[in-house]
Every structure is written in structure tokens, then in C-alpha cells.
Amino acid sequence: MEEREKTKNNTEMRILGFLCNWCSYGGADTAGVSRLKQPTDLRIIRIPCTGRMDPLFAFKALISGADGVLVSGCHPKDCHYSVGNLYARRRFEVLKDFLPFLGIESDRFHYTWVSASEGQRWQEVVTEFSRRIHELGRNPGFDMNTNLVNSEAR
Amino acid sequence: MKDNFSRTVAYYPGCSVEGTAKEFDESTREIFRVLNVALREIPDWNCCGSTPSHIYDPLLSAAISGRNLAIAERMGFYEVMTPCPGCLKALKGSIEVFNNPLKRKDLLNILDMPFYGRIKAVSVVQFLVEDVGIEEIERCVLFPLEGITIVPYYGCLLTRPPKSAQFDDPEQPTSLDRILEAIGATVPHFPFKTECCGATYGVVRKDIVGRLTGRILEMALDLGADAIAVACPLCQQNLDLRQEQIERYRGRSFKISVPYITQLIGLSFGIDPKKLGWHRLAADPQKLLTRFDKLSKKRPTEPPTIR
Amino acid sequence: MVARRKEKKSQNRIFIPLEGLNQTLENLSKHFTVWVPMPSGENEWSLEFKPLHRGCKILLDRQSTLPPKKVILPQGQTLIEYEYKKSESDPSKQDLVLREVIDESPIIVFGTRPCDVRGFLVCDKVFLQGRYIDVYYRARRLNTLFATLFCREADDACFCSSVGSGPADMEGSDIGITPIDGGWILEGLTDRASEIFSLCDCEAPDEKQIEDARRVQEEVRSMRVGNLRTDGVLEGVKGQFQNMELWRDIAESCLSCGVCTYVCPTCYCFTITDEPQGLRGERLRSWDSCMFYQYTQEASGHNPRPTKLERYRNRLGHKFSYFPLRYSGMIACCGCGRCIRSCPVSIDIRQGVERVREAHHGCVCS
Amino acid sequence: MWSEITKKLQETVQNIMPQVEAVIGWERGFNEIRIKPVVIKKEGDISKLVWNPFCVQNLSGYLVKSPAVIPREGRRVAICVKGCDSRSVTALIQEGFLKRDQIFIIGIPCSGTVDWRKVMKRLERSSVIHRAEIKDGRLMVEHAEGVEEIPLREILLRRCLRCVYPNPTVSDVVIGETVSPHIEKEDLYKDVEAFERKSLDERRKFWAETLSRCIRCYACRNACPLCICQDWCIAERRDPKWVTQKPTLKDILLFHGIHALHLAGRCTECGECERVCPMEIPVMFIKEKLNETTLRLFSYEAGIDSNLVPPLLTFNPHETGI
Amino acid sequence: MRIGVFVCQCGTNIASTVDTERVAQEVKKLPDVVYTTTYMYTCSEPGQQEIQRAIEEHNLQGVVVAACSPRMHEPTFRRAVEKAGLNRYMFEMANIREHVSWVSNDREANTKKAIELVRMAVAKLRFNQPLFPSRVAINKRVMVIGGGVAGIQAALDCADAGLDVVLVERRTSIGGKMAQLDKTFPTIDCSSCILGPKMVDVAQKENITLHAYSEIESVSGYVGNFAVRVRKKATYVDWKACTGCGVCMEKCPSRKVPDEFNEGLSFTRAINIPFPQAIPKKATINRSYCIYFTKGKCGICAKVCPAKAIRYDMTDEVVTEEVGAIIVATGYDLFDPSAYGEYGAGQYRDVITGIQYERILSASGPFGGHIKRPSDGREPKDVVFIACVGSRDASVGRPYCSGVCCMYIAKQAILTKDHIPNSRSYVFYMDIRSPAKNYDEFVRRAQEEYGVQYIRGRVGKIYPRGDRLVVQGMDTLLGIQVEVEADLVVLATGIEASRGARELAEKLHISYDQYGFFMENHPKLRPVETNTAGIYLAGVCQGPKDIPASVAQGSAAAAKVLALFARDTIETSPQVASVTERACIACGKCIEVCPYGAIRWKELKGGVRKAEVITTVCQGCGLCNATCPPKAIQLQHATDNQILAEIEELCA
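Protein chains in written order, with this note's numbering: chain A, 1 to 154; chain B, 1 to 307; chain C, 1 to 366; chain D, 1 to 322; chain E, 1 to 652.
Among the hints, a few may not be true.
Over 12 angstroms on every C-beta distance to chain B, these chain E residues come out as not near it, computed from the model [stated by the list, open to error]:
(1) Gln61
(2) Leu131
(3) Arg135
(4) Arg171
(5) Ala227
(6) Lys256
(7) Pro306
(8) Tyr343
(9) Arg373
(10) Phe442
(11) Tyr463
(12) Gly466
(13) Leu469
(14) Glu592
Covered stretches of chain A (in silico footprint by chain E; criterion: 3 or more residues with CB under 8 angstroms from a CB of chain E, positions within the stretch not fixed) [to be verified]:
(15) 11–22
(16) 31–39
(17) 69–81
Hints are computed from structural coordinates only; laboratory data are not their basis. Positions of the beta carbon are idealized from the N, C-alpha and C atoms, including for glycine.
Sequences are here, hints too, so could you generate the full structure?
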């Protein structure tokens, strides 16, 4: 109960992380092994490469109620699959630019590069992104699951 | 008047050319008239701050030069040209400070006038090479300096530091070489083209300038040069005005003329040496001018109109 | 007061002045959900039936883009809500709890046109006749009343008179609406009407208004909208079933989109899906369209209608041949012309029918 | 003027008919202002062909979408294109769906096409249209209730009012005089910019309200010549299950997101998606934003150069700031 | 599906900040979960047995372990469930240690996070499918690209072990840079004397196929089965017939051809054999100097050739070699010192590079082993060496140390003294880097025994004085400017990536660093492997190194190939892309983006095309999956459904 009190003021945000298996997932592991403390909001999904990351995954998450989506992969030119992240960064950049057009803050989607050795950098990335999402607050979204106006209608 | 020129550029003369380097200013204005470029002197320009200001406070230095740039910008210019490499460095320094996001605000606060940092500062030499073009210079030559051997001397600041200068090769520049070749002179490879002349030590440590300038002069003589072409008022002062001093120091007679590149260009354009300020040089240029009169033949082609 | 109300109760006609429409319907909306045609967006030409809300703009001067089909047959309708209850002691055991969602709230659809109501008469055959009665449809259908306009707004796409209906066809409607100068005359057609009139708080029309209305109705009754001939098409579709050149001719430009079926008052095709979320979920019935490839996609991978040609053939055939063959000659088309008007490539179902007849009989005799 | 071009068009088709499999063009629809696509396969049908500002449809989809009009070996299919349509053809060539030598492109410069709904709105009622004629930039409509004259500019489709490629960018023959664009290229995305000056809340509200009208008929998708998934669109399929059948805004938005992001860097702004929407949703506006993005980030415009690869299907290892 | 969830306490590593009991209780409520438990050390032998027991007892069809990182123990648990009869891909891990218990002390938040991570793992597992690896046969031939010392060593080691080897060399002879060297440090033994026998060995081994004067055109395939197209450039001499007699070279009238082997210090003929010990010892015509090709007539070589081997009409030929592994040993090039304008390289003829000096010192060099100045042939008395020309200098884009210059300068200074006893050598250096066996002793000998003057500082300028050169620099130890008059200046030019290295890397699908050196898989633990299975690195192409290190790496790469070839087949991961054919719309976008060329067209009847994945080539990156618009191509074990399930579990 006391524990619960402690977290109450600081409601968790719903943050999804898509991490490539080779660099950033390892980087997050490194941060853990080094006991680098981080905010607890992030939930990580392991993907083979940022090239696997369809921007629509992030898009769907953000219109389904996620407050933030963080994608991290190998540094450009260090991609395990040589070019996956080079395709990915173009797609992410487009998505970042697109979201505000629909009324979703660009900052709710962030992508970065963290290598398997950069535990400390991972800590910084998570801390900073979580801070930013807390600053933005809940994603008001699109009146998510309730049926449309005149729900009866359709 | 303006309409008759092919282009117009903002001109920042700087203090030196109002004093010891008057001939640099005179010859610059003369040749640009032939080259069909109008120089618009920045109205109410102030001193660039020179060495003292940036040693005292780089921000102050940036603001002092920034004012000149801001005025030029307000006049609608995107480029300001200055003969003096010292002034050039100060002007460029100001733009560098502007481009530093941490310092921009402070600079603008001091400046207290609109400044957008889109203006570029260039030296006369850079303007001649990049904006006017060597071919255009060559086209305007009436009396090629044939048979005359001239070594180019760039000094320290014209091409360096490379990050700020963004012009020519920092260690092995060729822009003056190419201009000299274009006006018909013989240009030997001059290994000391970027060696230091001793700069302001001419006042406090004559021995250093004696040694440094001395070897430059000696190398030029050894290469059989009739003149050393320069593009910096301070270098010119050390090489020309102090030549006698250095002769005493080195125990060797030089008597070599040290004109500005613009004076040489002017000569080839057929402009009266007097208008180009040749008479103001300390080391007597008469020998060179006589040689020029004797050797040069007017080009058969009709000259471009000289206004 | 009491006497007056009584008098009203017995009346079979009321007059709603132009400016009194919203108020009258708002009165009704205390007892019913009142659906009216209104612009689908601020500056749009399209109209949609939506539940009345205060200050909304009711437009009765043109046919709605979307028919009121969704009032009875929503685009997405939860039929059943379900939940798995896991046993506390043994997580491998669980019970299934079901809840049927049947909506019986009373509804009035105000401002329908004969073609709109005709659509429901077609759907009724499917959902309310025979061995299987659709309880979800029935619940809504029985609790919905229609106030229908005598329609004067036919355009080039309309052809209701050609399919057994007409601009004055009041079959299936509970109230007839006749537009006259200065307002509307509402006329009870079924027993349920008078009950509604009593809630409207309106005056009875005067003699002149009744006369005006009579003249309008006369005029509308005399109108014949559309000159499509449907004789012989019943067999025509069957006969030309394999004539793919014909169908290519008719539907080559079809985009395979669902506009025609979604704007059609008689198209009732649906799909049923389960939409789970953890241990809960719902069984959903949603609109589907025979123009979609996925509609007939079979689990085996086979698709009996692989191209738009087969699919368009089905749409036309179903409306003008298969349905009438099954339901004693009733054409499953109400002639509203919505599919023609909204089609992105202006495919005209009338032309399709004519081509079929022409191909079957070798000539067009009209 | 239009009849002249129609005549010229018919003459041209007459000439090329022996060499082509078919000609995809436009013919009169159920009234004067509604035109529909037609595939001419025999000489006798050539007289059906028309050209006028009611020829709204982009026909390029018929070249690739099943069952497409496909030429036999060694023959070609002729297609009539407006400026905007020609970019779609180029984009299809770019992505390998078409070969340039399989098609014969009849280019028609276009000064704008008419939005029939705007005409109806001006008439203020639905009515039988007897005659429609365009002269000197005005449309004259003779209908059951009277005659109406409307300046053409007021009834053009939104896509046409912001058209910068009115002349075909690729063609084998051009019919008609070159016309000048309605707007300057630098103004192309000024609507996008204006919209982006609104607050995020306003933008979100706008899309929530506008998209709530969507009935998921997929006309926007099917009319798009570059929406190549068609029958296999993930918005309609259950495996993989991206979108549910639930009639929620989330699912509608997801469909439009899929549609838009799949077209990022590929959309040629022919505006068909928006034109065909029965609910008058400005579907193209979403793509305009993505095109503005790809133009700014990658200096790329789709359907201009058939040798280029769309920016999201390639990469540049050296680009920075991305 | 019947799913079991095992929540690991990891001693106290997890349990101290996560309420594992509660996690186990909470996830019991999830659909399909029929069994949950906690365990102290799940990865331990008894822990694994507990999983196996539960699988049997509860008839589990899928297992989730919530424990450490899958990068740690996923293979362990996969093996464990496999032993109990489950497919190894019916297993998922939730990382509640590295990503939860170790990064926060907030027990409540951690527990909630752990529950959600397990929920996501369960959600994904419900979409898992059993997957089965396939096996492919290995083609036990190996290709070595680059015939320098590293490549030669690798080729010989492989050949000695009985493998068929294909050696591809860009130049007309193998030997590489080492063949150009005079002596080697720190032993001063003759370079060609130790390399020569190895080169001959290559020529004589029957199981080595040598393609000299050849370049890699394209590479396809995958580990065990590569197909490499090799372009054999036209030599205009039939090498089968050529005996290497050299008559053509003697008689060739085109005599002003810069001798590449001698670094341009002398001339050779338009038809030439690069050096006497060349392997293969065959003549090649240099087209741009050959009079027959430039003027259209001559043909002297054809006339004099006793073997009638001249073929003016020869064209490039492309051969395809099928191999199971590739060793890349493409070596390096030397920095072009003209970037340093102040040194006047190219300007002053007596300012030369280290490799040029190497040729001057060599008995087979331009001056027959006598040290002479290129300008006037005079024997130099004062020789200045300048270190770090194009090394450790960010301003010319070479911030790295080339590793060998300090040593070769010392060697060259010693040799100078040996050749000209009364000479003086000066070395301008930044630091002396001599860390290997006997290296520092060698440098000391140069300083102490040979009296080489080491001056710590950079050179600022070189300028002529009379026919000599003045080297003006800084002595940072004394803090003064120094000027040294020299007869000859040697610039110790640094190592840079071989020209064409980047293009080759792209053909091979291996990565390279910003300077063009190929990337090893792990800088410490996998130094000769690349990220592409079956492709190995040897020598300087991976980064600057000296001869012993290059040779060692050549052998190491050979050992890796032998280890790979010790098996007859290799298992390929089933985590590859797979096409749902009927949903494929044949847009070809997957083919366009695939970094491995692992997707190709498949023709169905009726001219219908569909994409097809070559499962053995596919590396499982999923780029195609993200690109495919109708999602007809799905990456197994990371399908859309699986990822969407995870997203929805969290967001819905």
C-alpha cells in the first residue's frame, strides 16, 4: 500500500519501445547489468532490426492510446543487416513530420541509435524520453474505443 | 552610375588603407572600375576592432565588426569585400559568433540592430578569383607583364585558418599565382608564400621581423624575382617599409619592390601607375616600372572601355 | 385543456410550420430517438440521417446521400458480448458467459422518402420471413416509425416508378409528409401515427392547407419517375450468366469499391466477426459489400467471384433476378439512384439492366 | 472549344486505332455533367469519346488493376491523360507496373475539372439536368427548374484549384493548347501550412469530425491508381489483423493512416481519392501533407522522373539531419 | 493453446524488487494461461527440469519464462522446451531482470511492469508457430580475394588442409605490398626472400586456382553456397601459352611507361612482367601505352613472341566460381601526401614516400639498390624522415595511427646507414609506437647504434635551398624551431583503405567503417568474422597492421573456414521471411529493398509473378515485411500479428 502511494503522484505513462535485437536491446541490457536507474514507464518490444519497424506499428500504438513510442537501433552504417536502419530513419522522419498534422505531438514518437555497449546512453535516452512524455501528459488521442458520434448509426 | 556596372559589392576599406596602405585602396578601386564592379563603401563604417578587441573580449570584437556587417545587410548586400586580411578575420569572426547558438543572443543584444548573419565576408583576392574570375581579369589585360618575374606572398591570414578562411589551399595556395600568371608575369614556385612576416613584432621585436621577413626577401631575390606581390597591408609594411631596416639586420641589400597585387593588376590594365599609388611604395619601384615600360607590349586587341 | 388534448389525439392530420419543425421534432425526441436528414459536414452537399440534436439543420429538400438503412441495420452492430471466466483454483478451466444485445428503444425516422422505406420492405423479406427470423433486426424494425415525404425532388438518376414503387408510394410508412407553402402537412397512415401527433403539440391544418396538400399529392401521384423496363431481365441474367463479354462491357470501368452497396437502401449484405480483447469480446455484424474481393474469399483460397465482372454481375443479378425469383417478383432495388449518383465512375445500373435485356432479347423495345 | 478538342481526339484515335489494342478514354454518363470512363476497342465506338471539364476520372488505374486492359504482345494500349493523370502513369512506370513501350499516351492539357457536387450545391436542389455548356469560363446549366450560370472557377474540384501540372508530363501525342497552372509551385502546400498553424487540438478535432463521416467503402483506395494492394489491402483482411471491423474512429483513422503512409513518397496528387469520396472527406489533404514532407526531406516529387526510386524504397547513407 | 508461465526470481536479483509471486498470480488470469509458477533459478538444471515436468504434466503447448534477457538465456530455455517435446519456437521470454528489476527500485512499479511484460509475451506467444530449421550442403571450396601476404597465407593454409582454393588478385601478380618491400622489420630479413617461396607455393599447389588481373564482379548466395562472378581483365596475352621469357618486353618500343611496381620511379614497357619474381610470371599489355592500341600499328611483340601468345583481340572474360566461404584480404593503399602542400610532395622530386624509398633501397628497384636522389642521381648524405604523414591527423581525415610507420622509418634509417655509412638520418616524429616483440629494441638500435637523430615534433615546411631541401620543424622537447638541410626527404605515408574497398564491401554485403576498413563481427572476440556468415577477413583490409599480424590473421581466417567446412551441412535459421502467395501483389518492393538479394520472382502459370524468399539467403532482418504494402511477406517469429498482439496488449 505504501508502495502504491509512492507511485500515485507519478502516474505512469504508456510508453512503447521498439528495440533492435543487435544493438539497442543489448544496450538496454547493458544499462540493466550496470544497474543504471531508469523511469519505469517503458515497455520494450524486441524486433530484429529497425528496418522491420513499420511506421504503422508506431502509428497504431499512438492512436490506440500509447503516450509515447520510442524506437532505437544500431547507429547508421553499423546496422547488423547493413542498411535496415538507413531505410528506417527515412520512414521515421516522415512519420514524425506527419503525426502533428493529425494533431499528435511529434515528440510522442522518437527514434534514436544506441549500440550494445552504450548502456549509459540508453539510460539517458529513456530518462529524457520519459521526462518529455510526462511533460506532454496523456495522449488525448482520438476518442479511442468509444463508437462514433451516433454510435447507433453504424 | 550604378546601372552601368555589371554588379555591385559592399566594400569595407578598414583603417590601414586610409593610412599606410592607401595605395591598396586606390589600386583596388581603380581595377574594379575596369572590371565593371561597383564598390559601395559601407556608410559610417567603424574600425574592425583589430587584434586588441578580440584579445580583450571576443564578443566585443564580434559586435564591433557585426555593426559593419549589419549595415551592409541593411543595404541589401549578401557579400562584403575588404582588402585587409586582418579586417577580414574580424568580420568572419563576427559571423562565426552569430552562428554559435549559445552566443548569438548576446551578440544581438550588444549590437541592438537587426542582423541576420546571412552576409559573407571575402577578401579582395577571393572576390577577384571566385566572383570576378581569372578569365575576366585576363580579358582586361592590356599590357601583359611579360618578362617580369614576380613571387606571390600570401601571408598568414588570407587562407588560414582553413576553417574560417574557406578559400584556397591553406598551405599551398595558388590564387595569387594564378592572377599573376593571368596578367602575364613569370611566377616561380615560391616556397615561402605562406611563411610569417613577423607581423606586429615589427614594433616590439625587430630582431624577429628581421629574421622572418629577411628570409622571405632573400628567397625572393634568390629566385630572381623583380617584385613580391602582396595582399596584406601589414605584410606589405614589413616587407617594404622595413626593407632598409632588414637590410641592415641581414647585411644584404634587397631593393626589391613590394607592390599590392591590385597595383600589378592595374599596371597590366594600363592604368596610370600614379593613380595606382605606385609612388607611395617605400622600396623604389622605378626599376620595375622601367622594366615594365621596356618589355611590355600593348596587346593588339582593343581594350575594354575604361571609365 | 383536457378536451383539447383529447381532440388532438383523435386527429389524423397536423400542420408543422416551416419555423416550427425543429421544435416539433424536439418535442418528439423526449420519447423517441428522432432521426432526421442533415448535412454530413458543415459545407457539404451530402446529407445523412442522424439523431436530432438541438439546433441541428434539418434538410428535407433533397435525397440524402446515405439512406436511413443504418437506423435498423447499423454499419457495425454488436450482437453478442461474451466473456471467459477463468476458474480461481484451476486456470485451465473456464466458463463462457454470453449476453445478447437487443435494442428495442423507440425510434422515429423523419423525412424519409418512398425509396428509403422501400429499402426496408426489401430487407424485411430477408430478415423477417421464412424459418430464420433475425431478432436484432426485428427488435429495431418493430420499434421504428417512418414519416415519409411525398417526393418532388427526382433527378436524372431516379427511377423508383420503374421498380414497383413511386414518389407517392407510402407503403411501409406510418406518416405521410406533404410539403406545402409555409410548412408541412403530416398525415397518419397507420394506427401508430395518432399517438405521435399527440406528442407533437401542433395545430391541425386549415382547409386551405388540406387542399394544398391534396393538390401536391395529386401532382406527385401523377409523376412517373424513370422509364426502365425490367421485363425479361429475370431470365436475362440467367441466360447471359456466362456471357463475360457482356459483363465486361457493363462493368469494365468498375473500381470494386463499396460505394454503391453502402449507399443502397436495399443492400443488406453483412459479415460477422468476433473482436476479442483479452478474455472479453463481442460478436459484431458489420456491413459488407459483394463488390469486395474478400467478400467471397473462401478459406480454401478459392474465390468464386475473382474479378469485378463476376461481382458486378452478382449485384445486378441479385437485385433484378435472383431476389425476385425467390421473393415473388419483388425487385431488390428501390430505384433511388444513389448508386448511380455516387459511383466514382458513373456506372449506371439502368444501363446494365438494359444491356442484359438487349443481349437476351436481341433488341431494346422501348 | 471542347467539341473541337473532342473532334481532334477522335481523329487521333482513328489514326492510331490499327496499332493499339484499345483506347481508354471518357464518354458521356447519365447526364451532361457526369462523364464515365470507356474502353474503345472497335472503330465504331470512337465517336463515344469526349473531352471536356467533366472528364474527372484518372484512367491510369485501368492499365494495372485487375482485370486490367492489357495489350497483346507487340501491341499497345492507348490512354487519355490529363496533367495530373500523366504523373500517375509515370509513377506506375517508375514502380515497374507498366512498361513505357506498352502504352500510347494521349495527353490533354487541362485547365481544371468540375466537381458535380459543387454544381448541385449552386442549384441548391437535386434536379434533372437537361443541358450543360461551358463557355468563356462559365458553366451554363439548364435544368428542370430553370437556368443557372456559374463561373467555372467556383465549381472546380479542390485538386484542380491547386494544380501545378496541368499539362501532361509524359505523352506520345498532345491534343489541345498548353495551359498555365492555377497556382505557383511554391504555393502548392500553403493549405497544409495554414492547417499546421492551427493548434494540435484543433487539428485533432478536425480529423476526428471529418473522418467520423467515413463509411469505409474504400472508394478512395480503389480509385487511387497507386493503391496497388486492392483486394489484399490490410485494412480489409483479418490476417494479419491490423484493423478490426469495429466502427470506431480508431479503426477508421488506422485505415486512412495505412492508406496515406503507404502512399508516402508515391502519391502523385491526382486527387481521385478525394473526388470519389461519397462523404466528401478531403482525403487527399492527408497525402498533401506527406508529399510536402517528402519534398522537403528528400526533394522528391512522385511521377515526374521515371528513373527515380521513391524515397522510402531507398536510402542515402550520407544524408544527415535525418 | 495451453500456456505455462515461469517467473524466475533469479535468487534475489529479480525477487528483491519485483513481487514475483504476484506476477505469477496475475498472469494466471490471462487467456490460454493454464499454469504459472515462480522459481528461484529457472535457468538452473532443476529449474529447466521443472519446466519440462510442467510441460508434461499440464500438457503445455507454449512456454513463457519471465527472467533475464533473451540475449542471455533464450537458447538455454529453447533447448529445455525442445527436450520436453515442444518446438523451440513455442517459447517466449519476458525480460524482467535487465529491463525491470535492475533499473528501478520501485517494487510496485516494477511488479506492474513485469506483469505487463509477461502479458505481452503471452500475447505474442499465442501467435507463435512451430518453425523448423532446414539444412543445406556446404560447397567446400573457398575463395580468397587479394593475393598479398595475408591472402597468400590464408590460401596456402586452406590448400594444405586439402581444400580447393580460388585466389583472386587485382594486379597482374600476387605478392601485394610486401613484394615491393626491400627488408622487413625488426629482423631486416629480405622481404622477397621470405615471401617468394610462398608465392611459388601458390603457383605450384594444384588445388589453388589463381585468377590474377581479375576483379570481383558480383557475389550472390549465402554461407556454404556463394556464387562469385569474377571479371578476368584482358591481358592481350594468352597466359596459357606465355612462358614468361620476357622477349616481348625487351623488344617493346614503348619505353616510357611509368613503372607501377617501382612507384613511378622508373619506366617499364607497354608489355611487361611487373617484376622478376612475379607469380604468375606472364606478360600483360598496358593498353594505354601500347603503340598497337594507341596508334593502330606496331605488333612487334606478336612478331617476336616465340610462343605466339599475343592476342590483341582479347576481351574481358567473366567466370563464375562457386564457393562455400570467402576470405577477404584486399590489403590497403597509401595516403597521397599531396594533401600536405607545405611538404611539397610532387613539387620537389627529392621529397618521396616511404614505399618509394623502399623501392630505391631494393636491389631490384629503379637504381639497383643504390640510394640515389630521384632528381639528380646523387647519393644523399642527409636524409630526413617525417612520420605521421596522413596518420593521426584529423585535418586530413586520418585520425587513426597506421601502426607500421614508426617501425619502417627506423628500418629505413638503419638501412640508409648500412648503404651509406657516412650519411646522417633525422626522424621527425610525434610519438614512437613500437609495442610488439623486439620492436622497441629495434628502434633503440636505430637511435643508439646507428645514430639516427630523432626529433620530436611536426614539420611545418619544406623548401629548397640550392639543390638541397630545408626541413623546417619544431623540436617540442627543446621547444625550439629547427631547420635541417637534407638531400632527401622521406614521408612516412600512412595506410588507408584499399581503393574500391567500399564497392567490394557492398557486393559482399559486409560493412565498413568510415575510413573504408571492413568491419569485423566483434572487435575482440570475433576479429576475423564479418557480420555475413561465411565471409572472413584477413590482413590490413580490416585495419592497419604489420606483416606478422596479417599473416596470423590469414591463418586465423583459414582456421575459421576449416571449422565451417568440418561439417557437411549447415543449419539455417527458420526465422526468415515467408510469402503468402495469394496476397502477394507482385509489386516487387521487397525485392527492391532486400539487402541480401534473398527475394526473387517466381513465375506461376499464366504469367503470374509472385515474390519468393530464398530461405537460405534470407538473414531475417524483416525489412521486406515492413516494406510490403499488403503484408504478404511475413518475417517468421516476428510477424505482424505477433508484434501487433504485443502492441494491443499494452495499448488496448
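Exercise for the section: Of all the hints given earlier, name the ones this structure violates by number, lowest first. Expected result: 8, 11, 12 and 13
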